[in-house]
Amino acid sequence: MIKARNLSKSYGPVTALHQASFEIGPSEIVGFLGPNGAGKSTTMKILTGFIAPTAGQAWIANQPVDDPSESFRRHIGYLPETAPLYPEMSVYEFLLFVCRIRQIASTARKSALERASERCGLNDVLNKSIGALSKGYRQRVGLAQAIIHEPSVLILDEPTSGLDPNQVEDIRHLVRQYGQKNTVLFSSHILAEVDAVATRILVIDQGRIVADDAPHALTAQFGHSRYILSVTGVSPDVFLNWVCQQNGVRHCQSIKTGPNDVRVLLSLQDTSIAATLTRSVIDQNWDLQELSREKADLETVFRSLTGGPK
Amino acid sequence: MVISAFLVMTGLYTFVLTPFFVVGKASLVSFFEFTPFLFTLFIPAITMKSIAEERSSGMIEILQTWPISDMSWVLGKFLGAYFLVSFAIVLTFIFPMCIAPFGAIDWGAIIGGYIGLFLLGAAYTALGLFASAWTSNQIIAFTLGFSLCFAFFIVGRSAVFLEGDLRFVAEFLSFEKRLSAISRGVLDTRDLVFFMTIVGVSLGLSTERLHLRRWR
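Same order as they appear, the protein sequences are chains A and B. Under numbering that gives the first Met the number 0, read the first sequence as residues 0 to 309, first letter to last. Under numbering that gives the first Met the number 0, read the second sequence as residues 0 to 215, first letter to last.
Just so you know, the hints here were simulated from the structure itself, not pulled from any lab data. Everything hinted at is true.
Below, in silico cross-link-like pairs of lysine-lysine (DSBU-like), each with a Cα-Cα straight-line distance of 35 Å or less:
1. A:Lys-109 to A:Lys-134
2. B:Lys-48 to A:Lys-127
3. B:Lys-48 to B:Lys-176
4. A:Lys-109 to B:Lys-48
5. A:Lys-134 to B:Lys-48
Isolated chain A, as found in the complex:
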């Protein structure tokens, strides 16, 4: 449904996007993840035809986005990062206006409007003016505007930024529901969000796509293997010293040492090291209390991919 090939965009000397290529199929919910300024918004603006790429090509529903007839726009619903809308219009007036712009037949307008308003939870505020709404409601109006014509491709730029946890959950629910039948691409710099909603993740950093996979595959691929090891019968200093010098231990750190046991957090090269380490502990005549594997989370993946602190 969405196809990008070697998309690049420069603003003067600044390269915002460098040779980005990806393809997104129907019924995929793709989280577009990256630190601020990584090129997420630029990519979305190119996909929606709001700005033209410096080089490369993009297609929406098999239609090139630089097509002068601009017919691909019918297939897109787009919510930009800041959605000011028209503050002097009421929610109902605005959505009706969108129906007319989207050329929804006058007989179908009422049902389209009701459906969008129902889905976005706007029934209570239909007659209020948009300017009087809270940020959460305004975001929902923006969302209603984007889905009112049932587009096959929905593009949302940071749809949950600045909302409270309940509002965030509402929007996530809507995205999940909409993505069952359609393609959704949404951006975020919040990992938990992408993990909760997306079926696939695109990670972008400094204008380059650095990873493209399912959330669990990414954690398996990029997450370090972290273990917690706890023993008794040895002084903390001696044990820490010893364990740090073992083969395959990348990093070790003492965490909460109790009166009886010594605990360390280890980062191992691979899983086979754990078994070797267990045997060595027993050979030293120490009592092994615990060896557990910590599941690497997306936070770690994100940092290791985008060059943040490990």
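For chain A, the structure is supplied; the task is to place chain B on it using the hints.
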């Protein structure tokens, strides 16, 4: 608000500030002389937000991704603003109605004057819109719009200082010269075409400006 201010201003000028009652003639000459100048302020004040506000608020990002061409929404903005301008002009119909009972009115001159005002209003609206498409700052849009309208209106007055081709160009572009011909009742197709061309070129350039934005 803007329209009421406009009506008060024109009414004041026509009936109070000029010796209308002193002269004792049922004529609207001063109204038709003054309004083109007032329009250079009044119309850019209406059009300044048309496009500039969409750009500064960010609404343009939704607008330009909706399935409507740049040309059609620029035209929509023009028609919207021109509707307001026309509405203001129509409201001044009350002036000739007011003076009609007091003397013989030259209805030809008044109808001519109004046709001129509608044409001038369209040209100013298009110029103001062009100024608004050029910037995302409404104050700049207003200043630029006012300068354009004013320049086009009075460029003819510089003709006396010019010679040859320049003089011809100045007289050709002058809104004032064409307007005075129309208000005398001489409705030349060339004048009509001229004002239409100003509208067309301004709207075309506005569209082009919005189109170019995508490549920046």
